[in-house]
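Enquirer: Chains as they are written, first to last, in the working numbering: chain F, 30 to 315; chain E, 107 to 932; chain L, 471 to 637.
To be clear, the hints were calculated from the coordinates, so they are not data collected in a lab. Please note that the accuracy of each hint is not assured.
Computed list of lysine to aspartate or glutamate pairs in EDC-like fashion (alpha-carbon distance at most 20 Å, straight line) [as the list claims (entries may be wrong)]: (1) E/LYS794 with F/ASP291; (2) E/LYS864 with E/GLU547; (3) E/LYS864 with L/ASP554; (4) E/LYS794 with F/ASP127; (5) F/LYS206 with F/ASP113; (6) E/LYS148 with L/GLU588; (7) E/LYS794 with E/GLU567; (8) F/LYS110 with L/GLU548; (9) E/LYS148 with L/GLU565; (10) L/LYS527 with F/GLU293; (11) L/LYS527 with F/ASP89; (12) F/LYS110 with L/ASP629; (13) F/LYS110 with L/GLU565; (14) E/LYS182 with E/GLU249; (15) E/LYS794 with F/GLU293; (16) E/LYS148 with L/ASP554; (17) F/LYS110 with L/ASP595; (18) E/LYS148 with L/ASP594; (19) L/LYS624 with L/ASP594.
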Amino acid sequence: MKPSAFRYERPADLPAALALLGSGGDTRILAGGQSLVPMMNYRLARPDCLIDINRLSELDYIREEDDVIAIGALARHAAVKSSDLIAAHLPIIAEAYDWIAHAAVRNRGTLCGNLCHADAASEMPAIMQILEAELVLSKTGAQRSVAATDFFVGTYETAIAADEILTELRIPKPAEKTGWGFEEVAMRRGDYAWCTVVATLQIRDGQIASPRIALAGVNACATRLGDAERALAGQSPEEGLFAEIAQDAANRAEPQESAASDAEYKRDLIRALLPRVLGDAVARAR
Amino acid sequence: MSDHLKSNVIPPSRQREAPRAGLTWIGQSMMRVEDPRILSGKGGYIDDITVPGMAHAAMVSSPHAHARIVSIDTSKASALPGVIGVYTGEDLASVVEPCPSFASPPITQHAMAMGKVRHVGEVVAAVVAEDRYVAEDAAELVEVEWEVLPACVDLEASAAATGDALLHPDDRESNVALDESFAFGEVDRHFAEAHHIVKRRLRWQRSSAQAIETSGVVAQFDPFKGGYTIHANSNFYNFIPFVIGGALRVSPGELRIVPVLTGGSFGSKVFSHKIIILTAGLARLAGVPVKYIEDRLEHFTNSDSHGSDRLYDTELAVAGDGTFTSLRFTVLDDYGAYLQFGVGTHGNAMAQVTGPYRIQSFGMRVRAVLTNKTQQGPYRGFGSEVTNWVMERMVDAAAEELGRDPVELRVQNMIQPDQFPYMIPTGNIYDSGNFQKVLSEAQTLFDLDGWRKKAHAMRAEGRCVGVGVATCMERSVYGPTEWWSLNNKETPGFTLTSTPEGITVRLDPSGKLFVTLNSPMVGNSPETVVAQILAERLTVAPEDIVFNYSDSQSGFNGVGPQGSRFTAMIAGACVSASIRLEEKLKRFGAHMLQRRPEDVELRNGTVAVKGLKDQEKAFGEIALTSSFFRLSFPDGEEFDSGIETTAVYDHPLSTDPAEDRSHLGIFYPIVGHICHIVAVEVDPGTGKVEILDYAAVHDNGTMVNPRTLAGQVWGGTANGIGTTLSEVFNYDETGQFTNANFAEFAMPTANEMPRNFKLGHVETPSPFTEYGIKGGGEGGRLGAPSALTSAIEDALSDRGVKIASLPVTPPILRGLIRSAEQAATR
Amino acid sequence: MTTVSFELTVNGRLRKATVPARMLLSDFIRQELALPGTHVGCEHGVCGSCNVVLDGKAVRSCLMFAVQAEGSEITTVEGLARGDDLHPIQQAFWEEHGLQCGFCTPGMLASAQELLAENPDPTDDEIREAISGNLCRCTGYEFIISAIRSAAVKLREADTETTLQPT
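Whenever a hint applies, use it, and build me the whole structure from the sequences.
Expert: Written out as structure tokens, the structure reads:
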């Protein structure tokens with residue numbers, strides 16, 4: 030179980046890295062490597078060229094920019110998990126990290142790399158969608174920003190082009206008193222989950238406002254539940270309503286079958302987890 | 107005693123050291139002798155071995171479960187720079203014979219496939235290259251043309267398959283490789299007279315040891331220097347030359363197997379003969395030393411790490427008052443593509459198939475089914491973990507059907523403390539025990555009454571909380587008849603009856619005891635055990651004992667750590683060696699003290715005059731004098747230089763099976779007893795199980811080292827938790843093993859283990875082994891699945907969920923709950 | 471084949487290397503540096519046997535290429551003992567029976583090192599979490615947890631002694 034041979038490049042700055050990306054062949058960015066290298070060891074991935082961005086220290090940051098928390102491409106999971114800024118403004122991310130991978134993997138892996146990998150069962154793509162994060166994609170001479178909901182296209186598929194690097198993640202600070210909920214079921218803590226449900230919402234005048242809900246591990250990629258959000262907006266938070274919404278979301282889901290868990294199980298998990306997540310979010314919003 | 111057992115006479119005890127209080131070293135939780143070198147990274151595992159000129163092998167593995175090999179083109183691979191050679195099954199067959207098999211008649215198995223492949227991962231070609239990276243590059247360039255055949259994946263369907271779906275048409279006309287029936291006692295009469303018959307169909311699915319180190323070999327061949335030198339992480343290195351010499355076309359004496367520290371086995375490395383034959387053959391073909399270490403995928407798909415995979419149709423006959431009278435079952439076992447280890451796992455289960463209960467007769471039909479999966483190998487419990495679970499499931503089922511309390515029903519049927527040695531219907535005996543005491547200590551440790559009330563109250567609130575109790579046997583000190591006693595009487599195969607364990611002890615002129623062991627360290631504590639026993643018997647300090655491992659040419663009898671035998675067996679060898687050394691020491695020491703040997707004794711590492719304080723000679727001084735100053739002693743052989751002995755201990759208590767197999771003889775007689783009690787909560791919406799509390803009480807006779815024994819119990823329990831809750835084999839309908847990796851084959855991490863595990867011990871010494879020691883290497887896994895299953899069923903009792911199959915992963919358990927919910931609303 | 475040349479510090483010693491770019495850090499440590507204490511159990515980043523401490527953090531050496539460690543400081547299990555004395559964490563593993571076959575142990579020690587450097591008095595649950603990325607098939611983890619708890623005490627005591635020593 031050894032990787033096949035590749036050309037190794039370690040650019041000194043971002044422009045150099047971007048220039049290398051245009052050079053053709055199967056060229057991959059090597060950030061934390063915690064998903065890419067296992068695939069290379071299994072020879073499921075066999076890039077011709079790896080561009081190691083680990084020395085691009087200008088991309089290693091988590092910072093506050095007015096109403097946005099900006100996270101650079103090289104910010105490791107461990108740094109995000111233990112960041113005071115994240116704890117203060119985006120506690121759902123800190124909470125989720127208790128369920129994501131293990132310490133040694135979080136020490137190397139990067140949040141942006143995880144998003145680019147776009148595993149269907151990964152938690153962060155769902156969280157970025159309800160936080161309405163923007164992903165900054167850079168290429169030589171240009172930059173564009175893509176909303177998280179548009180970034181994830183399918184399993185291991187994103188909107189990123191071959192000559193682009195995800196250089197920054199921009200997460201708007203949620204409004205005051207935004208409640209959040211996070212639940213997942215995995216075989217073991219730290220495993221990819223069979224189903225993750227996340228939500229944020231506010232309570233205004235006793236009614237649910239700006240509900241955002243997303244699922245991971247069920248469909249081909251993490252998805253926002255627009256129907257559930259519309260059904261929830263403006264309603265009084267009640268268990269009966271949550272159960273109804275969960276039932277509806279379960280019915281609408283198009284779960285990916287796998288040997289380890291069938292579609293009916295995934296629907297069951299939506300039914301079980303969504304009401305809990307909404308209940309937690311409401312409690313935190315009050 | 108039933109008539110069928112009358113010919114099975116229990117031999118007298120050969121115990122020399124009686125169990126007793128006041129021992130100095132035995133019973134101490136001494137820190138392990140093995141640890142400092144391991145902790146400092148200098149253990150020396152198989153992949154740490156390098157020899158000059160060594161090359162590396164990589165395998166080309168079958169992507170198909172069942173296919174004919176039409177052609178193999180190795181030309182591109184051979185042309186790659188750094189490649190020494192590329193070899194197919196036919197090439198390998200020019201230097202090796204088929205693998206040995208415990209099945210009789212054998213199922214032909216080649217270390218590298220010839221003609222066709224029978225499971226995903228089977229090796230079809232191998233590359234030997236200058237490094238592993240290049241070897242893997244070349245392996246990808248080997249082109250194989252396949253003709254895909256129908257794959258047999260389902261156990262029952264495979265048993266009925268014909269035509270191209272037959273795995274071994276040359277050896278068997280069916281995929282059922284063995285089909286044997288047995289009746290031990292008056293099974294039919296007991297069932298005819300039964301007041302109630304409990305029936306269950308029970309499924310125990312494939313599980314796996316998955317030691318963190320894979321299997322590996324470094325092999326060298328030199329025809330001018332005596333054949334093969336092989337480093338291997340086999341548990342059994344002093345025995346396998348006799349098993350595989352024929353396959354390697356050398357005499358056992360031309361096969362030097364050198365042991366290494368082994369990174370876990372749990373049975374999976376007991377033999378390792380296929381990988382040894384494969385690597386040795388490659389070394390011979392390539393003309394250079396070859397290292398082959400399985401990667402994790404290869405260990406999952408082509409090693410010997412898969413455990414039992416069985417379907418039982420079981421019946422328990424019960425009298426009007428709840429007394430169990432007879433047990434019978436038909437069992438199908440999915441052995442995978444080969445039957446290298448025969449049906450030894452079923453032979454093993456015959457040691458304790460009726461559990462701790464007074465069941466008068468037992469009947470069985472066993473059918474070994476071949477399928478297109480990786481072959482089974484041994485895994486902690488070796489088949490008895492399955493029958494423990496089956497027995498305990500049947501008792502729980504009986505309690506439910508009879509409206510009895512499951513614990514009380516167990517107590518009613520348990521063998522009484524005054525009934526030992528107790529012979530079970532298969533002919534094996536239980537040497538000693540006090541099952542009632544183990545149960546009662548476990549109940550107290552766990553607070554069973556308190557927990558049952560608590561669970562009841564929590565269920566009333568709508569929570570799914572339950573408690574499970576398992577009272578199970580832990581047979582130890584295995585005898586080898588298990589490998590062949592269930593084979594057809596006309597073709598029983600290799601009817602081996604020896605499992606000796608040897609030791610060499612030499613008192614060095616400096617006063618250190620140099621010990622040579624003949625079995626490897628695999629995560630057990632062979633050096634610590636021997637240090638404690640020799641220190642006890644010879645009155646020396648454990649730190650004055652130095653350890654060494656023989657290789658198979660310098661070694662003596664050694665069968666290794668398996669079947670929970672090593673501690674009890676090596677204790678016997680230590681006692682034999684100590685008796686002889688004591689005699690020599692006294693002879694030399696008495697002469698130096700100018701006394702008669704009968705007037706001296708061993709005291710704190712000296713030979714000392716009985717009753718006199720200062721009249722003594724330190725062992726070191728005696729050893730120095732006896733080694734270097736021959737003329738200080740009289741003429742005569744008895745004063746030949748040096749103090750050294752080699753001793754061997756044979757199985758303490760075994761008899762032959764009856765010719766007609768009306769019983770199987772005594773073969774696994776030193777039995778421990780275990781009680782596991784667990785409380786769980788099930789999340790009914792997700793099927794997740796949380797362990798709320800756990801207590802285990804084990805009786806392994808006299809404990810040599812309580813802490814290392816506790817380590818075995820905890821580790822075994824972790825294995826049992828994995829087997830029950832999370833470790834699942836996903837074979838799809840084409841025979842692809844889709845989760846052969848550590849990310850998806852979910853072995854418990856520290857997060858999955860119970861938070862408040864409580865462990866207790868009862869010590870009922872064996873009357874047959876030295877000091878009364880029993881084995882204890884498998885117990886956790888022999889009890890945990892039964893207790894957990896029972897607790898989960900109890901937690902879901904209000905919802906009518908029944909558990910008849912393991913594992914119960916969250917998706918599976920949620921599926922059972924969903925079915926019960928749907929049935930209730932119908 | 472692309473080869474790369476670089477330097478790094480391993481167990482306090484500067485090492486120079488020229489290796490293929492694709493060589494995994496785990497293979498580099500074991501084979502090129504002849505430090506076989508770092509073990510390879512799965513090569514897909516799950517078992518944690520290959521964990522080493524790189525610039526103060528436990529990392530999977532099977533998920534890094536050796537060249538990526540250029541300029542880094544690595545501690546492997548061979549770098550823990552001081553002369554004839556085991557490191558307090560090793561000593562605690564010995565005393566508490568925190569190992570059986572020992573194959574996972576070097577990785578466990580690396581995880582424990584990082585934990586105790588950052589959190590000198592961890593709870594049992596924090597210990598569990600810190601080693602949950604290290605698979606052990608022998609021990610059931612119970613005695614590993616006791617060992618790390620005991621190591622924490624030893625390290626705190628050693629720290630107090632050092633602090634109290636006159637400078």
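Enquirer: Look at each hint and say if it fits the structure.
Expert: Hint by hint, here is what the structure shows:
A C-alpha spacing of about 15 Å is found between E/LYS794 and F/ASP291, which places the hinted pair at or below 20 Å, so the restraint holds. The hinted pair formed by E/LYS864 and E/GLU547 meets the criterion: a straight-line CA distance of about 11 Å does not exceed 20 Å. Note on E/LYS864 and L/ASP554: the hinted pairing is violated, with a Cα-Cα distance of about 36 Å set against a maximum of 20 Å. Under the criterion of a C-alpha separation no larger than 20 Å, the hint pairing E/LYS794 with F/ASP127 is consistent with the structure, at around 18 Å.
Among the hinted pairs, F/LYS206 with F/ASP113 is consistent with the structure: their alpha-carbon atoms are about 18 Å apart, no more than 20 Å. Simply put, E/LYS148 and L/GLU588 have alpha-carbon atoms about 28 Å apart, too far for the 20 Å limit, and the pair is violated. At most 20 Å may separate the alpha-carbon atoms for a hinted pair to count; E/LYS794 and E/GLU567 meet this at roughly 19 Å. Between F/LYS110 and L/GLU548 the CA atoms are separated by roughly 31 Å; this puts the pair beyond 20 Å, and the hint is violated.
As the CA atoms of E/LYS148 and L/GLU565 are separated by approximately 18 Å, the hinted pair is consistent with the 20 Å bound. For the suggested pair L/LYS527 and F/GLU293, the alpha carbons sit about 41 Å apart, so the restraint of at most 20 Å is broken. Distance hint between L/LYS527 and F/ASP89 is fulfilled; the C-alpha atoms sit about 16 Å from each other, no more than 20 Å. Of the pairs offered as hints, the one joining F/LYS110 and L/ASP629 is violated, with about 28 Å between alpha carbons and a cut-off of 20 Å exceeded.
Taken as a hint, the F/LYS110 and L/GLU565 pair is broken in the structure, with Cα atoms around 34 Å apart against an allowance of 20 Å. Among the hinted pairs, E/LYS182 with E/GLU249 is consistent with the structure: their alpha-carbon atoms are about 8 Å apart, no more than 20 Å. At most 20 Å may separate the alpha-carbon atoms for a hinted pair to count; E/LYS794 and F/GLU293 meet this at roughly 16 Å. For the suggested pair E/LYS148 and L/ASP554, the alpha carbons sit about 14 Å apart, so the restraint of at most 20 Å is met.
Only pairs whose Cα atoms come within 20 Å are accepted, and F/LYS110 paired with L/ASP595 is accepted, the gap being roughly 17 Å. For the given pair, E/LYS148 sits about 29 Å from L/ASP594 by alpha-carbon distance, which is inconsistent with the 20 Å threshold. A hinted pair counts as satisfied when its Cα atoms are at most 20 Å apart, and L/LYS624 with L/ASP594 qualifies at roughly 16 Å.
In summary, the numbered hints that this structure violates are 3, 6, 8, 10, 12, 13, 18.
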